Amino acid sequence: MALITYRDALNQALREEMRRDPDIFLIGEEVGAYQGAYKVSRGLLEEFGEWRVRDMPIAELGFTGLGVGAAMVGLRPIVEYMTWSFALLAIDGIVNAAAKLRYMSGGQFKMPITFRGPSGAANQLAATHSQALEAWYAHVPGLKVVAPATARDAKGLLKSAIRDENPVVFLEGELLYGMKAEVPEDEDFTLPLGVSDVKRPGDDVTIVVHSRPVHSALRATEILEREDGISAELIDPRTLRPMDIDTILDSVRRTNRCVIVEEGWPFCGIGAQIVDDIQREAFDYLDAPVARVTGADAPHPYAGNLEQLHFPQAEYIVKAARRVCYRE
Amino acid sequence: MATNITKSDELLGLDRDALVEMLRWMILGRRFEERCGEMYQVGEIGGFCHLYIGQEAVAVGALTPLRKDDYVITAYRDHVHGLLCGMDPGRIMAELFGRVAGCSKGKGGSMHLFDPAVGFMGGHAIVGGHLPLAVGIGYAIRYRETDQVCVCFLGDSVANIGAFNESLNMAALFQLPVVFVIENNQYGMGTAVHRAAAIENLADRACAYSGMQGWTIDGMDVLEVRGTIEMAIDRARTHKLPSLIEAKTYRFVGHSMSDPNYGHYRTKEEVSQFKSHDDPIKRFIERLVKRQVISAADLDSLEQEVKKILDDSVEFAKSSPIPQPDDLYSDIYTGEFPGIRRRDPWR
Ligand SMILES: Cc1ncc(C[n+]2csc(CCOP(=O)(O)OP(=O)(O)O)c2C)c(N)n1
Ligand SMILES: [Mg+2]
Chain Y
1 MALITYRDAL NQALREEMRR DPDIFLIGEE VGAYQGAYKV SRGLLEEFGE WRVRDMPIAE
61 LGFTGLGVGA AMVGLRPIVE YMTWSFALLA IDGIVNAAAK LRYMSGGQFK MPITFRGPSG
121 AANQLAATHS QALEAWYAHV PGLKVVAPAT ARDAKGLLKS AIRDENPVVF LEGELLYGMK
181 AEVPEDEDFT LPLGVSDVKR PGDDVTIVVH SRPVHSALRA TEILEREDGI SAELIDPRTL
241 RPMDIDTILD SVRRTNRCVI VEEGWPFCGI GAQIVDDIQR EAFDYLDAPV ARVTGADAPH
301 PYAGNLEQLH FPQAEYIVKA ARRVCYRE
Chain R
1 MATNITKSDE LLGLDRDALV EMLRWMILGR RFEERCGEMY QVGEIGGFCH LYIGQEAVAV
61 GALTPLRKDD YVITAYRDHV HGLLCGMDPG RIMAELFGRV AGCSKGKGGS MHLFDPAVGF
121 MGGHAIVGGH LPLAVGIGYA IRYRETDQVC VCFLGDSVAN IGAFNESLNM AALFQLPVVF
181 VIENNQYGMG TAVHRAAAIE NLADRACAYS GMQGWTIDGM DVLEVRGTIE MAIDRARTHK
241 LPSLIEAKTY RFVGHSMSDP NYGHYRTKEE VSQFKSHDDP IKRFIERLVK RQVISAADLD
301 SLEQEVKKIL DDSVEFAKSS PIPQPDDLYS DIYTGEFPGI RRRDPWR
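Top line first, the protein sequences correspond to chains Y and R. Counting from 1, one number per residue, gives the positions in the first sequence under our numbering. Counting from 1, one number per residue, gives the positions in the second sequence under our numbering.
So here's chain R without its partners, still in its complex pose (with noise of 0.2 angstroms):
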């Protein structure tokens, strides 16, 4: 059943480390979107590209509690997943820009970002696709008889899915440690949440599927995910239980590079409403604040240290080579494949 856990005051009981280290994170994750964005206008980064802008507190309220050796895995909209499981920013924009030293050689982009030795275990641009990839690295897990735990993350639109009822279902049945994360952003690309799914609260439909629990939460609130997703993942991870958890945000940019941030399907007011009163970052700062936890000096300090991070990362972006045309045919298979260019007598 979806409930609401009560918001707390208390900041979790979180030390003043760990709620700088979590405001730091949301900085980094707006302001690396937002330099990804004047790296695509200038045509450094070409394709799809989905920003994260607005959603911050939901990444980094479910990541920031997860241990080093915890898998995560979301959809395309995956660069903020990705540095707050530790990628290094530098290959994650090398990566964008289609160059050797990406994280996945520049053969991905950035709907396709991957670093297993990090536990991202990605990217993935399918609607849905990797939901079934969750559950069976939930089914590895129990298999191995660890108690690791892993987070797939996912948009509105996939709980009218097919592979979304076969996936929740089999993590139930099975009893697989999966946390599943809806980022309720309102839309899929220009579909509004109510025009799809013949349901209010997503996580409602949680209630089908025994020993599952859902949650709808105010997912603007970067504490109260990660309050929310602590309980999720101590039932994973102690009782092998899965959950379902409805995080309610906002994108205040377009659906990607090609969408305007309003028009057609949600207007300027919309927009600027969410923008002005329900900024998860504004929000957690003027708790901070509110609190003496951090001061304006501090955050001063935090957005020269981010600018520095995404400054060397587009630097070494810019410095790494583009790939080899020998690289075409590479990474295909493990080993040998024989006659793979032997249809192939021009390039």
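With the rest of the complex left out, here is chain Y (with noise of 0.2 angstroms):
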């Protein structure tokens, strides 16, 4: 184990496999020569070359297809956005390439591609730079999708991610990038999609959330326990698709209370789609409606207090587990 980034964890991930394969390759704005814009791919133009570490001219669309037609003829490209913002550009390929290729041959291709750069807000860049569209994503047959909280959940989903032979929507955050946790140092250690993390456990409240906003959940849980004697458990289910929904109900028949948070809006969120499944699932465990905690339904402002007002904020976590446990 050692105490670092989940930059760095990233970095960990990308070059140990891509010493471990040499059909990988990595291209993106700015991730050669300028180290990544985030500094996520540091060092590996130096130790790879320019045909495994390739800056793109800003042409999202245009390079999304390259890793795509790549990986057409077999070869793992990891494409990697400046931040998921841009990735608008490129949805064809994502969307109508990627997740439809496999399906539309009758399953004559793979398409082992991880398409993975930050998401959500960081500080005050307004609308255009701050989104979290996982959901638009998960949305989609054919497509994986991730969003890791830590530094360990990212190391070992993204190696797992560019193993996989269907493409991975990988979302990282913009916020998290400085964020330290114990990772292990270990080549072989990776994390399984399609599983959920316990981050936390409790009897009283069970509080789903996934990406940055865990964080915050955490210090609410810490709230809850102080102030209200309330233990909730913490589930971050890491891929929203394939979803482990069963770790989520089976926590819910335990607490029968249920909070749902996320950091991109509201309609038709991430959250949405969970109560979805534990009404069809669990509706006779619940002692209460299912909460949700999202960002606003507005997009996000410039202004430092509108943007905090923004955010799925750990006391709104805190007043909906209240809510949901009747303790208002």
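The hints are simulated quantities; they were obtained by calculation from the structure and are not laboratory data. Any given hint could turn out to be false.
[As the list claims (entries may be wrong)] Covered stretches of chain R (chain Y as the covering partner; in silico rule of three or more C-beta atoms under 8 angstroms from a C-beta of chain Y): (1) 94–108; (2) 168–174; (3) 195–206; (4) 326–339.
If you're wondering where the values come from, they're calculated on a predicted model, not measured in any experiment. Built from N, CA and C at the ideal position, the CB exists for glycine as well.
Got two chains here, each in a separate frame; can you build the complex from them with the hints?
Rendered as structure tokens:
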């Protein structure tokens, strides 16, 4: 184990996988000479050379398709977006090509490609640069969607994403890159996709949360414990498609109460899907309606105070947990 | 720069077998599409179905000089390109019929034919969406240091979409062995080229990319197409340089099965003018007859041979079962995907 940042954990995952398999290559804007817009690819160009770490022109649609085409003939591309907001220009390559080629060809193609980059808001970057769009991708059959919240998860899940034979949308937290955690140094360390992680066990209420708000939710669980004597169980699905819903349902069947948190917008969000799964499969176990805490249903504002108001703050998670526990 | 290659009457130095083979492909392509039209009328084929009638010289001229290990990728008007790559006509027909014996098990249909085993990489129905994929295939060729090439066909309308510039720029920037072939059939659906593109010859756009050569050629002359593509293939294979060929051609039928042959956006006279004076198959036959390469009897036997292939392919398609209900959920992912039917208790 070593205490390293989320950024360095991703860097290790990339480096280890590229050393292991010469078919893996990394493309994106500023991934090479600049060492990555967020320094995730630091040192990789020097180690692997320009055919395996290639700076791309600012042409998201073009280089996304470059990756998909290379995957069609058996290579294993990793496509980095400077942020997922810019991948909106490439969504045809992800949704119409990568996600569909296997199905439309009757299984003639594998699509071992990883699309990755920072997602969610950073500090005052305003509406075009601050979005959590995981619900869009999780909607699409043919894609897998992963959103790690810690350095350990980031490393283990990125390695699995790269090894997967299917297209994986890998959403990193723009505000998580500097956050440290203990991470195994073992090259064989991976975490399987599609397995939830119980980040904190508890008995009274289940909190489901992924990506950066995991950390606000952890703070909320401490407040609930301290101020209300509420023992909250925190579950991070980590993979949003396929989602390990059973771990969530098992927890809800024990706690009988649930709060679902996400940074994205509320309407048709990830939480909306989880609520549906709970009401279909655990309706009789519920002692209160499921509550959701999301980003505000508004574009992301620039002003510092408004931006803070937009986030699913620990304070709101506490309120929601009290509500479902009837402790207001 | 766009240049016209000199029209040679030397038949490119090809021997009789090669010339007859090209003619055979053109006739097969024409008759296959006619048969698809008939099958559409009787309801065996559904959805969008775009026929290639009138454009045969482009695919035949461009694909007959390719090597078996080269790659080909195109848009949705793709049946004839697939055939030329060596796809089985029966499996294409079965795909159009929506049957399990189809090349994509009936899940892709007319616009999404695929057969990577013969280098046919599709069959893509989003205008311009496949150009970046061609660049990726070219990148993979360089990555693996082989001397394959990738030929990418595109419609005239694609010259105006963003993916065109992004792709051609990257192909030139990374020196990729990709040959882009614009099939300028004068219209993108009902929009004449001059109403969509602010340029006369689309291949002139090649000059925007260092190292890329452009040619605007007569796409109704199968030998002119072949002669040009041979130069482009050599540039790609030997020098890792991309090219842009614009083959001027014409589709004799509507855009898709629902579009009449003429009417709102082009006149009956225009269509019949092309059919009677610029039919690529007639032109090639006249040339071969004049040079005494083939006789009327040869033509007859070619037609017979092609008819047999088509009868067999329709027979094969009809005899194939339709997909099983379980196939709805297969081939989405490799391996297991837990819970894929969990939210679907009714089906
Ligand atoms: C991005 C996109 N926009 C619109 C369409 C609908 N559409 C299908 S074919 C077509 C015309 C394309 O014309 P062209 O590229 O010249 O090819 P042709 O049909 O003439 O072979 C249009 C507009 C589409 N498939 N994709
Ligand atoms: Mg056209």
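Structure-based check of all given hints:
no.: 1; hint: 94–108; verdict: holds (count 7)
no.: 2; hint: 168–174; verdict: holds (count 4)
no.: 3; hint: 195–206; verdict: violated (count 0)
no.: 4; hint: 326–339; verdict: holds (count 9)
In the structure shown, a violation is registered for the earlier hint numbered 3 alone.
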